[in-house]
Each structure stands twice: as structure tokens, then as C-alpha cells.
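Chains as they are written, first to last, in my numbering: chain A, 1 to 142; chain B, 1 to 142; chain C, 1 to 112; chain D, 1 to 112.
Hints were generated in silico from the structure; no laboratory data involved. Source: prediction; values computed, not measured. Glycine included, each C-beta is placed from N, C-alpha and C at the ideal position. Any given hint might turn out to be false.
[Unchecked claim] With a Cα cut of at most 30 Å, we get these calculated DSS-like pairs of lysine-lysine: (1) A:LYS125 - D:LYS112; (2) A:LYS2 - A:LYS68; (3) C:LYS86 - C:LYS112; (4) B:LYS59 - C:LYS30; (5) A:LYS75 - B:LYS110; (6) B:LYS2 - A:LYS59; (7) A:LYS2 - A:LYS125; (8) D:LYS4 - D:LYS49; (9) C:LYS4 - C:LYS112; (10) B:LYS59 - B:LYS110; (11) A:LYS75 - B:LYS68; (12) A:LYS139 - A:LYS110; (13) A:LYS125 - D:LYS86; (14) B:LYS75 - A:LYS2; (15) B:LYS68 - C:LYS4; (16) D:LYS86 - A:LYS110; (17) A:LYS125 - A:LYS139; (18) A:LYS59 - D:LYS112; (19) C:LYS42 - B:LYS139; (20) C:LYS49 - B:LYS2; (21) B:LYS75 - C:LYS112; (22) A:LYS68 - B:LYS2; (23) D:LYS42 - A:LYS110; (24) A:LYS110 - A:LYS125; (25) A:LYS2 - A:LYS110; (26) B:LYS59 - B:LYS125; (27) C:LYS42 - C:LYS67; (28) D:LYS42 - D:LYS112; (29) C:LYS49 - B:LYS59; (30) C:LYS112 - B:LYS59; (31) D:LYS49 - D:LYS112; (32) C:LYS4 - C:LYS49; (33) C:LYS49 - C:LYS30; (34) A:LYS139 - D:LYS112; (35) A:LYS75 - B:LYS139.
[What the hints assert, rightly or not] Here are the in silico distance ranges between beta carbons for each label pair: (36) C:THR102 - B:CYS101: 24 to 30 Å; (37) B:ARG16 - C:LYS4: 40 to 46 Å; (38) D:THR103 - C:ALA38: 54 to 60 Å; (39) A:ASN78 - B:ASN78: 22 to 28 Å; (40) A:SER77 - B:SER131: 20 to 26 Å.
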Amino acid sequence: MKNNINIDITIPSHTRYLRMITTIGEKVAQEINCPEEVRETLSSQLAVVLTEGLVNAIKHADCTDPNKEVHVQIKVSNGDLFVRIYDSGAGFDLEAIPEPCFTSCGMEDKGRGIFILRSLMDTVKYVRSDSGNVLEMRKNIR
Amino acid sequence: MKNNINIDITIPSHTRYLRMITTIGEKVAQEINCPEEVRETLSSQLAVVLTEGLVNAIKHADCTDPNKEVHVQIKVSNGDLFVRIYDSGAGFDLEAIPEPCFTSCGMEDKGRGIFILRSLMDTVKYVRSDSGNVLEMRKNIR
Amino acid sequence: MEFKTEQTEGVTVMYVREDRIDANNSEELKTEFHRLFANSTKDLVVDLKEVLFIDSSGLGVLVSGYKNASTLHGTLKLSSLQSQVKSMFELTRLHRVFDIFTTVDDALHSYK
Amino acid sequence: MEFKTEQTEGVTVMYVREDRIDANNSEELKTEFHRLFANSTKDLVVDLKEVLFIDSSGLGVLVSGYKNASTLHGTLKLSSLQSQVKSMFELTRLHRVFDIFTTVDDALHSYK
Ligand SMILES: Nc1ncnc2c1ncn2[C@@H]1O[C@H](COP(=O)(O)OP(=O)(O)O)[C@@H](O)[C@H]1O
Ligand SMILES: Nc1ncnc2c1ncn2[C@@H]1O[C@H](COP(=O)(O)OP(=O)(O)O)[C@@H](O)[C@H]1O
Numbered sequence: 001m002k003n004n005i006n007i008d009i010t011i012p013s014h015t016r017y018l019r020m021i022t023t024i025g026e027k028v029a030q031e032i033n034c035p036e037e038v039r040e041t042l043s044s045q046l047a048v049v050l051t052e053g054l055v056n057a058i059k060h061a062d063c064t065d066p067n068k069e070v071h072v073q074i075k076v077s078n079g080d081l082f083v084r085i086y087d088s089g090a091g092f093d094l095e096a097i098p099e100p101c102f103t104s105c106g107m108e109d110k111g112r113g114i115f116i117l118r119s120l121m122d123t124v125k126y127v128r129s130d131s132g133n134v135l136e137m138r139k140n141i142r
Numbered sequence: 001m002k003n004n005i006n007i008d009i010t011i012p013s014h015t016r017y018l019r020m021i022t023t024i025g026e027k028v029a030q031e032i033n034c035p036e037e038v039r040e041t042l043s044s045q046l047a048v049v050l051t052e053g054l055v056n057a058i059k060h061a062d063c064t065d066p067n068k069e070v071h072v073q074i075k076v077s078n079g080d081l082f083v084r085i086y087d088s089g090a091g092f093d094l095e096a097i098p099e100p101c102f103t104s105c106g107m108e109d110k111g112r113g114i115f116i117l118r119s120l121m122d123t124v125k126y127v128r129s130d131s132g133n134v135l136e137m138r139k140n141i142r
Numbered sequence: 001m002e003f004k005t006e007q008t009e010g011v012t013v014m015y016v017r018e019d020r021i022d023a024n025n026s027e028e029l030k031t032e033f034h035r036l037f038a039n040s041t042k043d044l045v046v047d048l049k050e051v052l053f054i055d056s057s058g059l060g061v062l063v064s065g066y067k068n069a070s071t072l073h074g075t076l077k078l079s080s081l082q083s084q085v086k087s088m089f090e091l092t093r094l095h096r097v098f099d100i101f102t103t104v105d106d107a108l109h110s111y112k
Numbered sequence: 001m002e003f004k005t006e007q008t009e010g011v012t013v014m015y016v017r018e019d020r021i022d023a024n025n026s027e028e029l030k031t032e033f034h035r036l037f038a039n040s041t042k043d044l045v046v047d048l049k050e051v052l053f054i055d056s057s058g059l060g061v062l063v064s065g066y067k068n069a070s071t072l073h074g075t076l077k078l079s080s081l082q083s084q085v086k087s088m089f090e091l092t093r094l095h096r097v098f099d100i101f102t103t104v105d106d107a108l109h110s111y112k
């Protein structure tokens, strides 16, 4: 039997839903077929990835519309975990985002989100289009 | 701000995912804007409704295909909670399902699922079509 | 599904060690009932203290255990129902069928 | 977000009473830091025992508190990091910046 799971969630563009979404992510991770410790790590990594991706969509994309919604997809398919976060803002150039500074001298309050996503997932892409943008992430879970 | 939430979930047609789905339902119910006790009741009712609806789709619809999937939608929209459970089986006539027997003499081991759904939700419909069937339920949450 | 079973003065007490009884595990409860009734149990107290969630298939298995016990001229009684479980019994009117007790001791006492 | 604050020999200890520090509540932590540093706190221990989850905005607020303390010639130290929180510090190399202690007492001792 296959073990594919697909979840599509649309919520108002507000940080109050972060807890709900991360809990959903954790529950999905717990259904993934892998050793207990791997599953625990994956579960907490997925919680972080969902949070960082969603917060960017909520904060940086199109924040003027109070009825704005964000759409997130969590997908487990054939040994891969996919997270896709859709936004309808102006978009940005993912490749142009620099690594954060790692010493206390030049330390910033922000700018760690993309770095965290890149560290925890195997691939991170941001695809812009007229109908909306998507942050697409993949991690092998076999 | 609107408080609309939409979640679409596709899982393999197997009862092992019941726990995951009911937990997701509970988390969604906890985000609904209403008094604490109402929310607690709603949360446990949604868990039951999801379970009963999904088990029927898993057990009675098209159970021969090992790669079968079920699709469930949980939606909070303008003061209504919707649960839709899709199946691709032969379907059945919801109106023809009798109430269970309430005395110990004629007591059956089964046949309480639809009765429970009807008791907990305001409307329960089953719509058959060539492209698939859907059990559609609505409950006012204002 | 995990159980703990004890014998007290001719009555079997079964503690269900699981937070859910649903269509995914209710068959295991049914199997355990069959085992007990095949091994000279007639009177059975099922303690549901740890059970936070039950669905119609879980209720169905308890009904089938109740009928098994009756056939053997015994009784299946219940104890320690949590709120969601209690609501499900009330919704399906099964609280009128089963003898339901607050504690295992109360249930045992009722056999005397 | 809830906090408990204590003064011990010139050092302020702040216990964060929340299971998450994320973009939804990190501003409240920032406001509390400002309040403390405006009220003669220079040395601050932030105890994260109850925090099970932190995101980059939570880390950012701790970094900003660290910088506030440094400006006042004090230090912000951390104690009681749970595993997810610890991983986030390691991932972002911030464990090399902050002094991190197992308990509040260890952190307090280090000021002596
Ligand atoms: N969905 C998005 N839409 C527009 N800009 C974005 C989006 N996600 C990230 N960015 C840009 O990338 C920058 C770096 O993001 P990140 O590493 O998460 O740090 P932070 O959000 O703390 O600034 C942001 O400051 C923002 O300019
Ligand atoms: N999705 C479905 N597809 C086909 N038949 C169904 C479906 N859902 C329910 N049924 C039919 O309705 C009957 C009553 O369902 P229910 O009240 O849930 O009791 P039970 O499932 O315990 O028999 C089932 O026995 C089955 O024949």
C-alpha cells in the first residue's frame, strides 16, 4: 500500500494560525513510515519549515489586504516530503538573499528564515508567476 | 478580518489515519471564534463526525482497490462548519437508512454511524455522481 | 490494543489501556472479549478510564460483548466513562442498556 | 506572553511562561526586554525551560535583547534550553554567541 498524504490548507493571512498549522504538520510527520527518532526530528523540522515559510508569506507578501489568505500544501509522496507555500505578493529573488552573519559583531535581528529553510530541506525554490508565487521545498525522507 | 479556514486532505483509504484526521479536526475547531465550552464540544463532535464519515467511505466504498484514497474537506466559512467526504464507490441511498433500534432486545452491533452524523450536524446529504460521491454535512457555529 | 485483566470473586475486570477505541482497533477488543468469554468469564466489568474517544464501531463491540455475556447468563457492566465516551452512550441511548458505574469498585459491588 | 521576573544580587532572571516563541508573540518578548532594560536591568538571564518551540523571529528578539544588554555594558545569558530550541541555536550558530547554561543557578553563578 502506498503511504501518500496530501494536505492543502487555506487560512487568513495572520500569525495566529501558526500554532494550528505546525501541529497539523507534526501530525502528518508522525504518520511517515520511518524509525521513531527520524520521525521525531522530521516532525520538529517540519514545524519550523512551515512556520518560517508561512511567516514570510504573511509578512512580506501583499500585506495591505486585510482579507488576504495564504495557501500551504504538505505532501508526502513516494519517499519525498513537499512543502509548498503560495503567496500573491510582488515576490522576491530567492538567490539574491545572503547568508546571515555568524559572528556577534555584525549580528542582525532578522534574516535567518531562508537560511533555516535551506538548511532543513534538500531543495528550496521560489517560483514567480502572474497567477501567484510559490515557495517550493522538498526533502527526501527515505 | 474573516475567519475562514479550508483544509483538504487526501489519505490512503485505511483506518490507521483516523487519529491524524481527528486531531487535525480538533485543531481546526480550536481556532473557531466562539466561547470556550462551545469550542470544546464542537471539537469533540467534529472528531466523531470525521471518524464516522471516513470509516464509511473506507469500509463501504470501493474496498477492493488497495491503492484507493479518500478525500475529506473541513471548511469553516461565514459561521458554518462544513465537512465533505468524497468516495468513488457504488454509493447508497442515505434516506433509506433506518434509525438504529434503541432497546436492548433488538440491539445491533452496527448501524449507528449515520444516526450519529445526523444528530451532531444540522444537515447531512449524500450526493451521487458519475465522477464520485460526496457526503456533505453542515453545522451552524454562530 | 492493550488490556489488563483481573479476577475478583467470580467477576472479570478488564482495563482498556488505550486512548481511543475506533474502527482501527475495535476488532482487537472484540477478539479479547471472545477470549475471555471462551475462558469461563460470564460477568465482566470493562473499565474505560483511559479511553478519551470512542466511535460507533467501538460502541458496536461493547454491544456485542454485552450480548455475549447475556447469552452466558452473565452481565457486561461499564465503569469510569470520560466525557466524550459518556456523550456517545447518551447520543445512541446505550446508557439505558448498559449498567454504568463511576468506579470499578462500584461496579464490582453491584454483583453482590 | 507570560513572564515571571526575579532580582538576584543585581541580576534579573526572566522565566518565559509560554510553550512557543514565534512571529505571533515574539513582539511581546521584545516589549518586555525594553521594559526591563529601561528599569535598570543590565544583566539578564532568560530561562527557556517551558519553551518547546522557537522560530527565527524568536531568535531575532533574543539577539536584539543581547545587543541591548551589551550597549548597557551588561550581558544577556540563557538557561534551560529544550531540544528543539537548542537545535535552532545550533543551526543558526547562535550557540557560539550566547552564553547558554543548563540551569538558572549555573547562569547566576557565572556572573560572580
Ligand atoms: N514570500 C515572500 N515575498 C516577498 N519577499 C520575501 C518573501 N519571503 C522572503 N522575502 C524576502 O526575503 C528576505 C529574507 O527572508 P528571511 O530569511 O526569512 O528573513 P526575514 O524574514 O527575517 O527578513 C525578507 O526580508 C524579504 O525581503
Ligand atoms: N460511503 C458509503 N458508501 C456506500 N454505502 C454506505 C456509505 N456510507 C454508509 N453506507 C451504507 O449505510 C449503512 C449504514 O451506515 P452506518 O449508519 O454508518 O452504519 P454501519 O457502517 O455501522 O453499518 C452501511 O451499512 C452501508 O450499507
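query = Any of the earlier hints contradicted here, and which numbers?
reply = The structure breaks hints 1, 2, 5, 15, 18, 19, 20, 21, 25, 30, 34, 37, 39; every other hint is satisfied.
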